[in-house]
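Asker: Sequence lines, in order, name chains R and Z.
The first sequence begins at -17 in the working numbering and counts up one residue at a time.
The second sequence begins at 440 in the working numbering and counts up one residue at a time.
In case anyone wonders, no lab produced these hints; they're calculated from the structure.
Note that beta-carbon positions come from the ideal geometry of N, C-alpha and C, so glycine has one too.
Errors might be hidden in some of the hints.
Quick list of in silico lysine-lysine cross-link-like pairs, DSS-like style, CA-CA up to 27 Å [unchecked claim]: (1) Lys487(Z) to Lys40(R); (2) Lys39(R) to Lys487(Z); (3) Lys590(Z) to Lys556(Z).
From the structure, some residues in chain Z lie toward chain R, with a derived Cβ separation under 10 Å [unchecked claim]: (4) Leu457; (5) Val490; (6) Leu566.
Just some of the chain R residues that point at chain Z, by a computed CB distance under 8 Å [stated by the list, open to error]: (7) Gly17; (8) Leu21; (9) Lys40.
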Amino acid sequence: MEFVLSRPPGMDDRKRTPGRSSKHPETKEPGWAEGLRQLYNSVVHEPLPDSFDDLLKKLDRAKTERD
Amino acid sequence: MTDGSSATGDEVFKRDLLAVLPHLRAFARGLCGRPDFADDLVQETAIKAWVARDRFTPGTNMRAWTFAILRNHFLSELRRNRHQADYDSDAAERMLVMEPDQEAPLHLSDMEAALLKLSPERREALLLVGAGGFTYEEAARISDCAIGTMKSRVARARYQLAHLLDPDRDTITIEHEKA
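Looking at chain R on its own, in the form it has when it is part of the complex (with noise of 0.2 Å):
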């Protein structure tokens, strides 16, 4: 299984909506704003990475290491 990281699906979609923020003249909030959001819940949506695989392996390893 192979996920790209630093590119999800659909993160250049947004090149090909044009004029969205022309539609709102007098949102208080700036373009930026919601171009944020998406940043953020671009990768919230990735799949995890292979990396992550093992992580269930780690934290049963690290219950018993308790200190």
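Once you have looked at the hints, place chain Z on chain R.
Answerer: Showing chain Z alone in chain R's frame:
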């Protein structure tokens, strides 16, 4: 795998911890701008959280609790200078070659690059409140600062980010931010 009525406290904790991993990844990515470093931070955070699970009060906000662990871990890593050297130079370069052809809103890569130009405190504040949806109070608790400090960091971060992303609208933004 079974869960539900037979789940022990540890199992519930683990399930909830795993459920917040995507959010931890998003927060970490925003903080450091590097996917590999971010994922290391998240895994290390998950282990720290697991080891410290007795200190988590069931029913409270797992996302806020783990975010606090992650940001403390991130800051201590920064203090140790690990990974720091090259993390924002590439992003800063990308920022300088923004394409002028788009009528559309900014590209996410531009946003990422601009975020990395903020100080870690402002970046964190903006990520928590502007992206993560935390209240000022929750964000202040995560960052271990006063609410007023958090509000001020968010305001400054917003102003700076607006300036970085859209210098032409600077004056309008200033009016908003002063209000």
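Asker: Please go over all the hints and tell whether each is borne out by the structure.
Answerer: Status of the hints after comparison with the structure:
1. The straight-line distance between the Cα atoms of Lys487(Z) and Lys40(R) is roughly 11 Å, inside the 27 Å bound, and the hint therefore holds.
2. Under the criterion of a C-alpha separation no larger than 27 Å, the hint pairing Lys39(R) with Lys487(Z) is consistent with the structure, at around 14 Å.
3. About 19 Å separates the Cα atoms of Lys590(Z) and Lys556(Z), which keeps this hinted pair within 27 Å; it holds.
4. For Leu457(Z), the shortest C-beta to C-beta distance to chain R is roughly 8 Å, which falls under 10 Å, so the interface hint holds.
5. Satisfaction of the interface hint for Val490(Z) is found here, the shortest Cβ-Cβ separation to chain R being roughly 5 Å, below the 10 Å cut-off.
6. With 10 Å as the threshold, the beta carbon of Leu566(Z) comes within range of chain R, its nearest partner Cβ sitting at about 7 Å, so the hint holds.
7. The criterion of a C-beta within 8 Å of any C-beta in chain Z is met by Gly17(R), whose closest approach is roughly 5 Å, and the hint holds.
8. Restraint check, Leu21(R) versus chain Z: the minimum CB separation of about 5 Å is within 8 Å; hint holds.
9. For Lys40(R), the interface hint holds, since its Cβ comes within 8 Å of a Cβ in chain Z; the closest pair sits about 6 Å apart.
Every hint from the earlier list agrees with this structure, and none is contradicted.
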